[in-house]
Amino acid sequence: MASAIELLEYLKKYPVFGTTVVRDKVSKDSSYTNLLIHRLRKRGLVQKIERDKYTVFKEPFLIASRLVWPSYISCWSALKYHNLTEQVPHDITVVTTASKKAITFCNTKIRFVKLNPKAFFGYEKVKRDGFEVFIADAEKSIIDSALLREVSFSELREIILANKDAISINKFIRYMRRVGNKSLIKRFGYVFEVLGKDCFGRLKRFVDASYIPFDYAKKMGGSKNEKWKVVVNA
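Numbering (the working numbering), first residue to last: 796 to 1029.
Hints are computed from structural coordinates only; laboratory data are not their basis.
The reader is advised that the hints may include incorrect statements.
[Claimed, not checked] Here are the simulated lysine-lysine pairs, DSSO-like style, with alpha carbons at most 27 Å apart:
no. : residue 1 : residue 2
1   : Lys843    : Lys896
2   : Lys895    : Lys922
3   : Lys977    : Lys1019
4   : Lys875    : Lys904
5   : Lys820    : Lys843
Required output: the full structure, derived from the provided sequences and hints.
Structure below.
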């Protein structure tokens, strides 16, 4: 049977593990395995995340995208990771196609937001403490923030304007076409036009005759942009 030190070194290979991993390592029955995990938790050597999910680490970002499959970190959390904002999010937002309740781990709330499978793309693997973490790329983190209304559109506009050289407009347009959300396309199309990027030809089939508010977090009212069919209320 492995010693406690050997076991902990072994468990460091897993950002998240269950009782099966421990049981296979110590070659004991479930009762002994549960008692061993309980003792390690009491000593602060193992952290319980949720039912049958444990870790030896105390980094919420490391384990957030490994609690439900498929999933990836997005919205404010990803915007901050890509240095698109100076705002430090209090929570970690995880996008998934499944339904899952929020949890709190090491005083950090991890929220799970359900996304239509059609829009579940645009994420990448990044290294964190030697492990792979799934996170939205810069462009998709902005799109998800608007699609899920996690960030006001006025704030997203400022993020785009401040980081225009770090964002791929071509990738952004490709992503928007793939999502196919007309309101999303109208709003971002207008922002890109303000930047001097004319993408109307590539997006015009998504622009119908209905006017929408530019910022969904504010009341309708303001000047109308006839090209993109948005009411500039911000």
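Inset, instruction - Against the earlier hints, flag every one the structure doesn't satisfy and list their numbers going up. - result: none
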